[in-house]
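2 protein chains.
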Amino acid sequence: MIENQVVIIGAGIAGLKAASELYKRGFKSCTILEARDRIGGRLHTVTGYQNRRYDLGASWHHDTLVNGLFLEELNLPEDQRASFVFDDDSMVVFDAEKGRVDQDPEMVLEILLEELVKYSQLHFFEDLSAQDLNYFQMVVKYLYERRGLLTNDQIRFLPQVARFMELWHGIDWKSQSSKCLEIAHQGRNALVLNYDKIVRRIASEIPESWLQLSTEVKEVRNDGKNVLVTIDKGETISCKYVIVTVPQSILAHSLQPEPRVGKIEFIPPLNVNIQDAFKKTHYGALGKVVFEFDDCCWSTERSRILSLGKSSSNLSQRVREARDLSLLVEELDANTKYQFERGDSWNFPLLFVNMVKHTGIPSFVMLMANPLTKYIESMNDKGKIFEFFTPVLENLLKTLGCAEPIVKDFENKLVKSNKKAPILKNIVTTNWTRDDYALGAYSACEPGDDPMDLVLALTENQTSLVRFAGEHTIMDGAGCVYGAWQSGKREADFIADKLA
Amino acid sequence: MIENQVVIIGAGIAGLKAASELYKRGFKSCTILEARDRIGGRLHTVTGYQNRRYDLGASWHHDTLVNGLFLEELNLPEDQRASFVFDDDSMVVFDAEKGRVDQDPEMVLEILLEELVKYSQLHFFEDLSAQDLNYFQMVVKYLYERRGLLTNDQIRFLPQVARFMELWHGIDWKSQSSKCLEIAHQGRNALVLNYDKIVRRIASEIPESWLQLSTEVKEVRNDGKNVLVTIDKGETISCKYVIVTVPQSILAHSLQPEPRVGKIEFIPPLNVNIQDAFKKTHYGALGKVVFEFDDCCWSTERSRILSLGKSSSNLSQRVREARDLSLLVEELDANTKYQFERGDSWNFPLLFVNMVKHTGIPSFVMLMANPLTKYIESMNDKGKIFEFFTPVLENLLKTLGCAEPIVKDFENKLVKSNKKAPILKNIVTTNWTRDDYALGAYSACEPGDDPMDLVLALTENQTSLVRFAGEHTIMDGAGCVYGAWQSGKREADFIADKLA
Numbered sequence: 001m002i003e004n005q006v007v008i009i010g011a012g013i014a015g016l017k018a019a020s021e022l023y024k025r026g027f028k029s030c031t032i033l034e035a036r037d038r039i040g041g042r043l044h045t046v047t048g049y050q051n052r053r054y055d056l057g058a059s060w061h062h063d064t065l066v067n068g069l070f071l072e073e074l075n076l077p078e079d080q081r082a083s084f085v086f087d088d089d090s091m092v093v094f095d096a097e098k099g100r101v102d103q104d105p106e107m108v109l110e111i112l113l114e115e116l117v118k119y120s121q122l123h124f125f126e127d128l129s130a131q132d133l134n135y136f137q138m139v140v141k142y143l144y145e146r147r148g149l150l151t152n153d154q155i156r157f158l159p160q161v162a163r164f165m166e167l168w169h170g171i172d173w174k175s176q177s178s179k180c181l182e183i184a185h186q187g188r189n190a191l192v193l194n195y196d197k198i199v200r201r202i203a204s205e206i207p208e209s210w211l212q213l214s215t216e217v218k219e220v221r222n223d224g225k226n227v228l229v230t231i232d233k234g235e236t237i238s239c240k241y242v243i244v245t246v247p248q249s250i251l252a253h254s255l256q257p258e259p260r261v262g263k264i265e266f267i268p269p270l271n272v273n274i275q276d277a278f279k280k281t282h283y284g285a286l287g288k289v290v291f292e293f294d295d296c297c298w299s300t301e302r303s304r305i306l307s308l309g310k311s312s313s314n315l316s317q318r319v320r321e322a323r324d325l326s327l328l329v330e331e332l333d334a335n336t337k338y339q340f341e342r343g344d345s346w347n348f349p350l351l352f353v354n355m356v357k358h359t360g361i362p363s364f365v366m367l368m369a370n371p372l373t374k375y376i377e378s379m380n381d382k383g384k385i386f387e388f389f390t391p392v393l394e395n396l397l398k399t400l401g402c403a404e405p406i407v408k409d410f411e412n413k414l415v416k417s418n419k420k421a422p423i424l425k426n427i428v429t430t431n432w433t434r435d436d437y438a439l440g441a442y443s444a445c446e447p448g449d450d451p452m453d454l455v456l457a458l459t460e461n462q463t464s465l466v467r468f469a470g471e472h473t474i475m476d477g478a479g480c481v482y483g484a485w486q487s488g489k490r491e492a493d494f495i496a497d498k499l500a
Numbered sequence: 001m002i003e004n005q006v007v008i009i010g011a012g013i014a015g016l017k018a019a020s021e022l023y024k025r026g027f028k029s030c031t032i033l034e035a036r037d038r039i040g041g042r043l044h045t046v047t048g049y050q051n052r053r054y055d056l057g058a059s060w061h062h063d064t065l066v067n068g069l070f071l072e073e074l075n076l077p078e079d080q081r082a083s084f085v086f087d088d089d090s091m092v093v094f095d096a097e098k099g100r101v102d103q104d105p106e107m108v109l110e111i112l113l114e115e116l117v118k119y120s121q122l123h124f125f126e127d128l129s130a131q132d133l134n135y136f137q138m139v140v141k142y143l144y145e146r147r148g149l150l151t152n153d154q155i156r157f158l159p160q161v162a163r164f165m166e167l168w169h170g171i172d173w174k175s176q177s178s179k180c181l182e183i184a185h186q187g188r189n190a191l192v193l194n195y196d197k198i199v200r201r202i203a204s205e206i207p208e209s210w211l212q213l214s215t216e217v218k219e220v221r222n223d224g225k226n227v228l229v230t231i232d233k234g235e236t237i238s239c240k241y242v243i244v245t246v247p248q249s250i251l252a253h254s255l256q257p258e259p260r261v262g263k264i265e266f267i268p269p270l271n272v273n274i275q276d277a278f279k280k281t282h283y284g285a286l287g288k289v290v291f292e293f294d295d296c297c298w299s300t301e302r303s304r305i306l307s308l309g310k311s312s313s314n315l316s317q318r319v320r321e322a323r324d325l326s327l328l329v330e331e332l333d334a335n336t337k338y339q340f341e342r343g344d345s346w347n348f349p350l351l352f353v354n355m356v357k358h359t360g361i362p363s364f365v366m367l368m369a370n371p372l373t374k375y376i377e378s379m380n381d382k383g384k385i386f387e388f389f390t391p392v393l394e395n396l397l398k399t400l401g402c403a404e405p406i407v408k409d410f411e412n413k414l415v416k417s418n419k420k421a422p423i424l425k426n427i428v429t430t431n432w433t434r435d436d437y438a439l440g441a442y443s444a445c446e447p448g449d450d451p452m453d454l455v456l457a458l459t460e461n462q463t464s465l466v467r468f469a470g471e472h473t474i475m476d477g478a479g480c481v482y483g484a485w486q487s488g489k490r491e492a493d494f495i496a497d498k499l500a
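Line by line, the protein sequences are chains V and G. Going by UniProt numbering, the first sequence opens with residue 1, and the numbers climb by one from there. Going by UniProt numbering, the second sequence opens with residue 1, and the numbers climb by one from there.
The hints are simulated quantities; they were obtained by calculation from the structure and are not laboratory data. A virtual CB, placed ideally from N, CA and C, is assigned to each residue, including glycine. Hints may contain errors.
Claimed, not checked - In silico SDA-like cross-links for lysine to any residue, where the CA-CA straight-line distance does not exceed 20 Å: (1) G:Lys118 x V:Val117; (2) V:Lys310 x V:Lys118; (3) V:Lys357 x G:Gln103; (4) G:Lys118 x V:Gly68; (5) V:Lys118 x G:Pro259; (6) V:Lys357 x G:Asn75; (7) G:Lys141 x V:Val117; (8) G:Lys141 x G:Glu110; (9) V:Lys141 x G:Asp153; (10) G:Lys489 x G:Asp89; (11) G:Lys357 x V:Leu74; (12) V:Lys118 x G:Asp232; (13) V:Lys357 x G:Asp153; (14) G:Lys218 x G:Arg36; (15) V:Lys141 x G:Val66; (16) V:Lys98 x G:Glu106; (17) G:Lys310 x G:Asp294; (18) G:Lys118 x V:His185; (19) G:Lys357 x V:Asn189; (20) V:Lys118 x G:Asn189; (21) V:Lys118 x G:Glu106; (22) G:Lys118 x V:Asn189.
Said to hold, decoys possible - One-sided excerpt, in silico: chain G residues whose CB lies under 10 Å from chain V: (23) Leu65; (24) Val66; (25) Ala96; (26) Arg100; (27) Gln103; (28) Glu115; (29) Phe124; (30) Glu126; (31) Asn152; (32) Asp153; (33) Lys357; (34) Ile406.
Unchecked claim - Listed below are several chain G residues computed to face chain V (Cβ distance under 7 Å; list not exhaustive): (35) Asp294; (36) Lys413; (37) Leu465.
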């Protein structure tokens, strides 16, 4: 049996940061157990066509006024920190039929979205016991109650613009809690180029001998004095404290009797507060598809382009004629079921990050939410994924001033003749929903959820030897890299103070 | 001596609403004493060239998700309510040298302003005991601390864009509290056309005999059982309750020994809480100048145009070279003193409401803040006012696609020859700072102020026979028409419940 002061389960940014802090505080024996054969967890930089590099996991510094990781990076010499660019200029928004609808002085959809989110907040603020609604229901409620103040075009397009929020939460509007809808931005968002530099920097602060890759933890046994951590190779490591940084989705396995890849058996089992809290929290699946072109033939003016889901031209009539809100919700719900057949990329909001603007790389990184993420990640066929998104992609390019049809050249056989034709060289997709150690992206809230419960349940027990860190264990920066990073520091500080 | 159940001092919207509620609740004897020869107070609709109508006082429904007056209006038959238009499409912003700077994908000044306001909030949120700063100091602090993340153009233009807030608060950035800076919008803003219709509607709900115009109140004597209200004509009216709705600026006279027009002597004097609270509250002066043209020769696309104060081309260099924040603040402060000579309209942010977009009326209603308001209102000469604003006006028209010089024709002598030349027919200005019964616009906060104190001091005494209403006596809707309206209802309900 190996003896350690601390075992850290997971070498994502929470685990790495915890280890680096412990090392700084003088700890001599610590082991980081990582199930994957790489560090970084949901920070994952990959290489595409011509060595272009993309972050398939998290890719922004959010909340840059309060983001501790960002502020730490800023204080480093420029060559030691990861580059970043502020890419939060106002979005281009387009609809398949209508074309551009952003910054329209008649529709003012940005202003309406702001009002809608405020409307939702007030709904719960004015009646603290008000039942949570899904976001789709809230949107319809807003349209119904404010219809006298809205034009037909506003009623038609606002719902699809509202779905932009899906790309923050990673789940679709019919699954999203209205109560947990708002994103309270604390400063601008900066795109990181790329996150692996930050991961490697933090990892470099830790002795190499601490890190053990491709090692799954099977059991965490807490006898009150020590914790015994058993790994898949049969070994057991004894320690004073363990920090569990596995994603919420994986931690949830521990509450179920079935065996699952990545499942950790806790002895004694996770306490009843944690069990209850898991009933009030869910998990999103923000996915990405990177479209890599040979050359740029489109406008580089704007950083982000939102493609709207298809709108219904008779929606305003329905909303105006409705006599009962719940019947209207039911009717519209039935009329907006998801369909995944070819061409139905118009069923979903899609955010395209125009990489060329800031990096010169002629690729679009497209963001999508569940259930689309799950569907696309299951396809595993670049040709079919291209087919699925072709209508949107061609409209995107047209919106950005490039009207030529896209030429697919995955085998790199084309000799380029027409400088203006967009030649698609490669597609890169995420695989988070099929990754046994992630099963999606990050915490998300369905109606009735309360993310605070899980944070409290995982952090309130100030005497436990089994500690938790990760984006799901913290309120400030929840779901963000810097939240995970901060939670790792929090647990390291706690343990260092206890063992001091 | 006349006997009454209630005396209301002031026939602004708070007083009128209070009276209308009392009448609905069955009160038989009530007197509204109004010093001016008209009702409405700081709601004041006037007529200009060719019977065009403008609101020189309040002119918007703010916070339309929660604005009780707006929601009441919505429920009326259309012919009974005042028309309104949502005029909150995104602003055109121009600088004298640079031209348009709004929605610029490189400067993103709108995003930076949002970040700046959040930065200011966080400053006080992270340290509850942090000393208040004036808004100018806060802007410089932001620039200094974030300079590594800002471009030269951003440093140059953001401060002037930030001054847009002056036109919300009615005071300049060097007088404005950063702590009370944020405007928490609760829904869209709608321009009312015109407010006199609402004033008249509410007034029509009150018996005519209740209203006494051109009557100044001299003394309010509370003997614990009754209140004796003495007016300038020597009469005394006895009542059970008095509702004092005079503006904060006028109420403040009661704390000073000097005689002043509009001053009310309270016996016993206003209590010590009120006296203390007055030390922590101030008063703004949002002024307006209406420029009335013969015909429209400019773009009608956008509702609002912000003209920026002049920026300093070497500001970014100064900010970047600064080694000490407080020295930088001092230096920049000294370099941005106000000058009111001819042509110095470029010293101030000015908001132009493009009336023609929604009403067809070819006039601009220009909003300005103190100290400019006071200066302009003291001029009392249309020709000189035109001269002062000519550079900005001509740039405004150029920005909106009309490059011809403005022809002044106040005497209406011109026969129009060139259809494209903008012919200025008239100028209408406010006079609030010189109006003895207003002395400005509405409550505003200087550094260190806390508006909550005055609201509490004027409303907390639940046994007093001397009641207070008005925009300065309420938190939700403070400074707004609907806040004043709500406060009138609050006091009427209170008295009705007590006397029931």
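Here is what the structure says about each hint:
| no. | hint | verdict |
| --- | --- | --- |
| 1 | G:Lys118 x V:Val117 | holds (18 Å) |
| 2 | V:Lys310 x V:Lys118 | violated (24 Å) |
| 3 | V:Lys357 x G:Gln103 | holds (17 Å) |
| 4 | G:Lys118 x V:Gly68 | holds (16 Å) |
| 5 | V:Lys118 x G:Pro259 | violated (47 Å) |
| 6 | V:Lys357 x G:Asn75 | violated (49 Å) |
| 7 | G:Lys141 x V:Val117 | violated (31 Å) |
| 8 | G:Lys141 x G:Glu110 | holds (18 Å) |
| 9 | V:Lys141 x G:Asp153 | violated (43 Å) |
| 10 | G:Lys489 x G:Asp89 | violated (32 Å) |
| 11 | G:Lys357 x V:Leu74 | violated (46 Å) |
| 12 | V:Lys118 x G:Asp232 | violated (48 Å) |
| 13 | V:Lys357 x G:Asp153 | holds (19 Å) |
| 14 | G:Lys218 x G:Arg36 | holds (14 Å) |
| 15 | V:Lys141 x G:Val66 | holds (16 Å) |
| 16 | V:Lys98 x G:Glu106 | violated (26 Å) |
| 17 | G:Lys310 x G:Asp294 | violated (29 Å) |
| 18 | G:Lys118 x V:His185 | holds (8 Å) |
| 19 | G:Lys357 x V:Asn189 | violated (35 Å) |
| 20 | V:Lys118 x G:Asn189 | holds (13 Å) |
| 21 | V:Lys118 x G:Glu106 | violated (28 Å) |
| 22 | G:Lys118 x V:Asn189 | holds (13 Å) |
| 23 | Leu65 | holds (6 Å) |
| 24 | Val66 | holds (7 Å) |
| 25 | Ala96 | violated (24 Å) |
| 26 | Arg100 | violated (13 Å) |
| 27 | Gln103 | holds (6 Å) |
| 28 | Glu115 | holds (5 Å) |
| 29 | Phe124 | violated (13 Å) |
| 30 | Glu126 | holds (8 Å) |
| 31 | Asn152 | violated (15 Å) |
| 32 | Asp153 | violated (14 Å) |
| 33 | Lys357 | holds (8 Å) |
| 34 | Ile406 | violated (25 Å) |
| 35 | Asp294 | violated (25 Å) |
| 36 | Lys413 | violated (36 Å) |
| 37 | Leu465 | violated (33 Å) |
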